[in-house]
Amino acid sequence: MVTPEITNQNKSDALKEGSVVIEMKHVRKSFGKNYVLRDINLVIHKGESVVILGKSGTGKSVLIKCIVGLNDIDDGTLIILGQDISELKRDARNELRKKIGFLFQSGALYDSMTVRGNLEFPLKRQAKRPSQTEMDHLIQEALSQVGLSAAENQTPSELSGGMRKRLGLARTLILKPEIMLYDEPTTGLDPITSKEISKLILKVQKNYDTTSIIITHDIECARLTANRIIVIQHGACAAEGSYTELLNSKNAWVRSFFE
Amino acid sequence: MEKRISNKSQEIQNLNKKDVESPNHADANKKDKIVERRQTAREADKPDTTLDKFFIEVALVTLFTLRFFKEVFRPRFEVNETLKQSFLMGYASLPLVAITGFIIGLVLTIQTRPTLAGLGAESWLPAMVAVSIIREIGPVITALIFAGKVGSGIGAELASMNVTQQIDAMKVSGTNPFKFLVVTRILAATLMLPLLVIFADMVGLLGSFVGCNLEGNVSTQLFFVQIIESLDFEDLVPAVIKTFFFGFAVGLVGCYKGYNSDKGTEGVGQAANSAVVFASLMVFVIDMIAVQITSMLQS
Ligand SMILES: Nc1ncnc2c1ncn2[C@@H]1O[C@H](COP(=O)(O)OP(=O)(O)OP(=O)(O)O)[C@@H](O)[C@H]1O
Ligand SMILES: [Mg+2]
Numbered sequence: 000m001v002t003p004e005i006t007n008q009n010k011s012d013a014l015k016e017g018s019v020v021i022e023m024k025h026v027r028k029s030f031g032k033n034y035v036l037r038d039i040n041l042v043i044h045k046g047e048s049v050v051i052l053g054k055s056g057t058g059k060s061v062l063i064k065c066i067v068g069l070n071d072i073d074d075g076t077l078i079i080l081g082q083d084i085s086e087l088k089r090d091a092r093n094e095l096r097k098k099i100g101f102l103f104q105s106g107a108l109y110d111s112m113t114v115r116g117n118l119e120f121p122l123k124r125q126a127k128r129p130s131q132t133e134m135d136h137l138i139q140e141a142l143s144q145v146g147l148s149a150a151e152n153q154t155p156s157e158l159s160g161g162m163r164k165r166l167g168l169a170r171t172l173i174l175k176p177e178i179m180l181y182d183e184p185t186t187g188l189d190p191i192t193s194k195e196i197s198k199l200i201l202k203v204q205k206n207y208d209t210t211s212i213i214i215t216h217d218i219e220c221a222r223l224t225a226n227r228i229i230v231i232q233h234g235a236c237a238a239e240g241s242y243t244e245l246l247n248s249k250n251a252w253v254r255s256f257f258e
Numbered sequence: 000m001e002k003r004i005s006n007k008s009q010e011i012q013n014l015n016k017k018d019v020e021s022p023n024h025a026d027a028n029k030k031d032k033i034v035e036r037r038q039t040a041r042e043a044d045k046p047d048t049t050l051d052k053f054f055i056e057v058a059l060v061t062l063f064t065l066r067f068f069k070e071v072f073r074p075r076f077e078v079n080e081t082l083k084q085s086f087l088m089g090y091a092s093l094p095l096v097a098i099t100g101f102i103i104g105l106v107l108t109i110q111t112r113p114t115l116a117g118l119g120a121e122s123w124l125p126a127m128v129a130v131s132i133i134r135e136i137g138p139v140i141t142a143l144i145f146a147g148k149v150g151s152g153i154g155a156e157l158a159s160m161n162v163t164q165q166i167d168a169m170k171v172s173g174t175n176p177f178k179f180l181v182v183t184r185i186l187a188a189t190l191m192l193p194l195l196v197i198f199a200d201m202v203g204l205l206g207s208f209v210g211c212n213l214e215g216n217v218s219t220q221l222f223f224v225q226i227i228e229s230l231d232f233e234d235l236v237p238a239v240i241k242t243f244f245f246g247f248a249v250g251l252v253g254c255y256k257g258y259n260s261d262k263g264t265e266g267v268g269q270a271a272n273s274a275v276v277f278a279s280l281m282v283f284v285i286d287m288i289a290v291q292i293t294s295m296l297q298s
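Those protein sequences? They're chains A and B, same order as listed.
Following numbering that gives the first Met the number 0, the numbering of the first sequence begins with 0 at its first residue and continues without gaps.
Following numbering that gives the first Met the number 0, the numbering of the second sequence begins with 0 at its first residue and continues without gaps.
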């Protein structure tokens, strides 16, 4: 059992001045007898870019699914953009959800639609549906942000793995979210494409002024994108700090992630 | 007895308190045990027999149906998607329905002829066949084909969207996937099956006309005059009304199975398969109920 170590509480102070975007207190989530999240406590501030590390199956995906509302938490408090989730009605929750972008581990692209269709879908379902010219403009903007302008009329099955990730990202960005949740954005890609995606994440962070949580097993991606890294073990936050701090951690188990 | 219960609830409250108060991560293991104890208490009322599972399934389908009726009348209305699905469903089943309808009309005529001839009532042939096609065989056979073609298609499509998290992706983007995927498909199935049945009936009668003319010679005019004379309003209306229920059942079962499929690749096959089985079963059950109601009303 690793003793919890909080190595860094002062480093990203500049960021912590900003308002709290996500706050989790004693959050718990289990599936039957599988206790995935046992006691999650974390605070994420506006403009931060937090990377979550942890062994496969520790519940990283479940954690961000709780944030976006795909999983309900069993216990504890979850406050997003100042609103306590447990107190919100269904419609209010839906509204809040639109401010959160979620990049799925598997892409989750609509494979019956073209690339353009994938981007149009969330736009057309807005309460205030944008006009055709606005929509064209938004789609072109999102596609050029991720460098996919040439593939507008292809279907997802015709795209490569890296292009699929980009499309997933474009589809999420098109609603201009305040919070971006990335579930293993670089998994299954070659090192060069991984690096491109990491840079894309940074670009999005800057251009769209988002707060990000990034789950990854890719240390290079973590190094590039993180202001702060949180390591999860046994359903709780086991270590926290900047990249260099965790790299030089006294704890051998924490260091093992960086080897 | 009461004391014991209140003791227990006290205990649980204490556990709760302890849980919340313990700030240390090292307590995680201890806490697990507590949570586990609570969980076992909950699991005491989990289903174990097949009968329990059956009733739970019935309850879930009922909830699913209620949700459909709740959402179908609330904006926003996905008109375009409903039309698109209707078109796809009709288009997918049209050739199959046409061929089956024709063959059944033909075969029925050929096989009924000797019996009627033996009774000296060969001139009743068109009327006999028409009544059985329009009242029973047309609707049921078309509904079964529809279940096989469209029900399984819906089941597989929604299940694979579920596996690949496309349904989750819709939720995340603020779209109500139940409305967009389920409501549209159930509506489309309910509207399209009656049209397909009318089409199948007509093709079936055409087959019957061909059958009549293989032996003997019946003019078109005579054939249709006989049919129209033999059909009452009371034959047609219940036959049409029940097809709406057939279509609704096929759409509902397909959507239910697909939308609630197990995550995993086998889930897709299972959803498609059980959608066909249950939809076909539902068609027969509804048919039986419809017959009962019709005969009650007519007597
Ligand atoms: N919907 C679900 N139903 C039941 N169990 C689930 C569900 N979702 C996740 N789990 C369980 O929760 C645990 C954590 O899963 P999760 O997907 O969060 O892992 P992860 O940390 O993201 O792993 P990876 O790095 O491999 O993606 C797993 O044991 C998984 O079986
Ligand atoms: Mg995961």
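Bear in mind the hints are in silico, worked out from the structure with no lab data behind them.
Be careful, since some hints might not be right.
In silico lysine-lysine, DSS-like type, Cα no more than 25 Å apart, as pairs [claimed, not checked]:
1. 88/A <-> 175/A
2. 127/A <-> 97/A
3. 97/A <-> 52/B
4. 83/B <-> 127/A
5. 262/B <-> 64/A
6. 175/A <-> 170/B
7. 127/A <-> 175/A
8. 32/A <-> 83/B
9. 83/B <-> 123/A
10. 69/B <-> 123/A
11. 52/B <-> 123/A
12. 170/B <-> 88/A
13. 83/B <-> 88/A
14. 64/A <-> 45/A
15. 127/A <-> 69/B
16. 54/A <-> 148/B
17. 198/A <-> 45/A
18. 170/B <-> 127/A
19. 69/B <-> 32/A
20. 45/A <-> 32/A
21. 170/B <-> 64/A
22. 98/A <-> 170/B
23. 97/A <-> 69/B
24. 97/A <-> 24/A
Are there hints from earlier that the structure breaks, and if so, what are their numbers? 3, 8, 11, 13, 16, 19, 20
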